[in-house]
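Student: Protein sequences appear in the order of chains A and B. Counting along the first sequence from 1, when you hit position 374 you're at 374 in our numbering, and nothing is skipped either side. Counting along the second sequence from 1, when you hit position 128 you're at 1128 in our numbering, and nothing is skipped either side.
No lab work stands behind these hints, which were simulated from the structure alone. The beta carbon of each residue, even a glycine, is placed where N, CA and C say it ideally should be. It is possible that some hints are incorrect.
Listed next, the stretches of chain B that the computed footprint assigns to chain A, with coverage defined by at least 3 CB atoms under 8 Å from CB atoms of chain A [unchecked claim]:
#1 1154-1168
#2 1193-1205
#3 1248-1261
Restraint ranges, calculated between C-beta atoms of paired labels, are given here [unchecked claim]:
#4 B:SER1216 / A:PRO347: 28 to 38 Å
#5 B:ASP1180 / A:PHE367: 25 to 35 Å
#6 B:LEU1185 / A:PHE367: 45 to 55 Å
#7 A:ARG239 / B:ALA1072: 35 to 45 Å
#8 B:SER1216 / A:ARG236: 50 to 60 Å
#9 B:GLY1095 / A:PRO347: 27 to 37 Å
#10 B:GLY1118 / A:PHE367: 18 to 28 Å
#11 B:VAL1084 / A:PHE338: 20 to 30 Å
#12 A:GLU288 / B:SER1216: 42 to 52 Å
#13 B:LEU1288 / A:LEU65: 23 to 33 Å
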Amino acid sequence: MTTLSTGSDRAPRQAATRARRGARLSGRPQLYRSYAQELALFNTRPKRIWVGIIVLAALGLSQMLTDNHLNTLALAYAFAIGALGLNIITGLAGQVSLGHAFFLGVGAYTAAAISGDPDGRTIGFGITNILVWLPAAGLVAGLAGVLVAPLATRLRGLYLAIVTLGLVFIGEHLFREWSDLTGGAGVGREAAVPELFGIEFARDGDYLTSDQKFYLLMLVLLLVFALGARNLARSRTGRSFAAVRDRDMAAEMMAINLPRAKTVAFAISSFYAGCSGALIYSIIGFFEPSSFGLLLSVQFIAMVLIGGAGTVSGAVMGALFITLLPTLTRELPAYLPFISGQVTDTPNVFQLEQVLYGLLIVGFLLFEPRGLFGIWIRIRNYWKGWPFSY
Amino acid sequence: MTQFLEVVLRGLGSGSIYALLALGFVIIYKSTGVISFAQPAMMLTGATITSYVGPALGVMLFTGFSFFVSVAVAALLTAVLALVIERGAIRPMVGRPAFVVAIITIGIDIVVRVVTSGFIGLGARNIPNPWGLERVELAGLRVQERHLVSLATLALVVAVLFWFYRYTRHGLAMRAAAFDQEAALTQGVSVGSVFALSWAMAGALAAVAGSLLAISAGVDRQIWIVALVALPAIILGGLDSLEGAVVGGLAVGVVEALVGTYQRDYAPWLGDNFAVVSPYVLMLLVLLAKPYGIFGTPEVRRV
């Protein structure tokens, strides 16, 4: 290498640069000629193209869909940010957390308090700029994650799952009782008011409706957070998380500081959760303490597992799937007359929805542990080898 | 002092329900290495079956007897349900990481619970029983009879479990499988049937616990939350210790009752209903000091 780069001839030098960056051979998408190439953000060209197409299509949807559907999709994107967070701690670092709902709550309340009405019934500071309350929500939730981490670093596997489950109950109690901040059980409070450089997202503007603006904002934020998660996974920190997940003792032998890695993983995951919580309820506009129960945590677990644990695209797919599921099941009473749309009847769509969550979790884990991402890989491989089945 | 002792007795009563549930969790954990989050659903199902069988029998038998018979029937049916679940969803997952199996049990829990809720309806279903909220005077202390019944049931169950693990072939097989699955396999123990048996036992225990719980206020859709209180109990005692489950369950019950009675006077800043979350706080405190619980075996990790 040294001799090449100091040589007077230009051709070898160029060859060396190419070898370092790794030139791609056409028609051999899986042939990596350097480590940097394999670790690149989009390590194959089809990925780059597809991500571009999907982003363009998502932008286009903002003009094509009705406001109702845009609202649902915007929510799905906000949920996807939270799913990315859970994916970092559970999929990447291998620590099972059932406490995601708690961190979402911390973020949502931080944002609501910062942007809330100073003269209102609940705590509020009246700073509605999203650039202020969104990072703050993430940071406070991240701090909560760091506070919980000392317990997490001492525990492994299922002990951790139960402790984080306890966290959800303690959090719910805290949210119920601190009524100055949360409005109290059954009453609730206004969520964060989104405003950016004078654009008020909650109002219809001259060019875009409120739902369109929310949709675009969530799309951009989801892209930012997804890129962040993908970049984290290929950084030194992210690779140390994966090492902890795969075998923590081996990771320790390779001089990875286990408590530190777990604490950082918890902090980052909670940061995502906090931002997600703030965004979700800024779309909905109003929330109360019982929103952050065990069911929310389980929904996030379902998103990550159904999407495919450990992959960014999987987490996003899972979040979209789970958030859009209610929209689909609500349509069902029209086709299946024995299912009622009323809460008081049995069986009703809400029960059906929950049963579906459960069945999907069980079904995916039994038959396709890699989730939707795995199904996509299977389809891809089928067409790659077509018409040969091997 | 009288009040204090009465509170402790009450705590032991509800604690014995937690202990029964905790025993179920620990039995499954010991033989399969997995925490079954499906226990709340099992409890709900058991209690619901009791609430259907009880009135049907009540016509023929007098209440006290019909209660015991209906609980036995419910325990049996719930055990069968647990067997089916184990066979269908858990057995195929042998050898997969414990956490994946635990998540599967969450999924099962949701499904079974929602289906059972459909049979409960919106209100509470009564379980006919001779005790209700009656009180009895015991050495100067006034206690609700149902707490004594729960304690007696726990004592009976513990005695039977002790005999089962100590003196029967299947008990020995379960101990062997818990100790080392592969070694047990080579000695001719059918580890598969040990899995099935432990799920069935846990299901039956959950059904008993659910029925006892429903003596006071009946079965409604929300009582499954109570089963989660058994989780702090097993963590306190240590996941793999049967004695720990009993002690942990009783301790959680007593702490909850004490906090419920005295917290309002001594620490009102903790908020109303702090007693509900006190088991979880207790769990966090114990874990800070002893990461594997009080009776649990610290995990030995080999390279």
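Student: Decide, hint by hint, whether the structure agrees.
Tutor: Hints, one by one, checked against the model:
1. Note: the region 1154-1168 of chain B has 0 residues with beta-carbon separation from chain A under 8 Å; the three-residue rule is not met and the coverage is violated.
2. For the region 1193-1205 of chain B, the proposed coverage by chain A is not satisfied: 0 residues have a C-beta within less than 8 Å of a C-beta in that chain, short of the threshold of three.
3. Here the region 1248-1261 of chain B counts 0 residues with a CB under 8 Å from a CB of chain A, which misses the bar of 3, and the coverage is violated.
4. Look at SER1216 (chain B) against PRO347 (chain A): about 29 Å separates their beta carbons, and that is inside 28 to 38 Å.
5. Roughly 30 Å separates the CB atoms of ASP1180 (chain B) and PHE367 (chain A), a value that falls within the hinted 25 to 35 Å.
6. The hinted window of 45 to 55 Å between LEU1185 (chain B) and PHE367 (chain A) is violated, with their beta carbons roughly 27 Å apart.
7. Checked against the given bound of 35 to 45 Å, the beta carbons of ARG239 (chain A) and ALA1072 (chain B), roughly 56 Å apart, lie outside it.
8. Remark: the range hint 50 to 60 Å for SER1216 (chain B) to ARG236 (chain A) is upheld by a beta-carbon distance near 57 Å.
9. A hinted range of 27 to 37 Å holds for the C-beta pair GLY1095 (chain B) and PRO347 (chain A), which are about 36 Å apart.
10. A hinted range of 18 to 28 Å holds for the C-beta pair GLY1118 (chain B) and PHE367 (chain A), which are about 26 Å apart.
11. Distance hint check for VAL1084 (chain B) and PHE338 (chain A): the Cβ-Cβ separation is about 24 Å, which falls inside the suggested range of 20 to 30 Å.
12. At roughly 29 Å, the beta carbons of GLU288 (chain A) and SER1216 (chain B) sit outside the given window of 42 to 52 Å.
13. For the pair LEU1288 (chain B) and LEU65 (chain A), the supplied restraint of 23 to 33 Å is violated, since their beta-carbon distance comes to about 50 Å.
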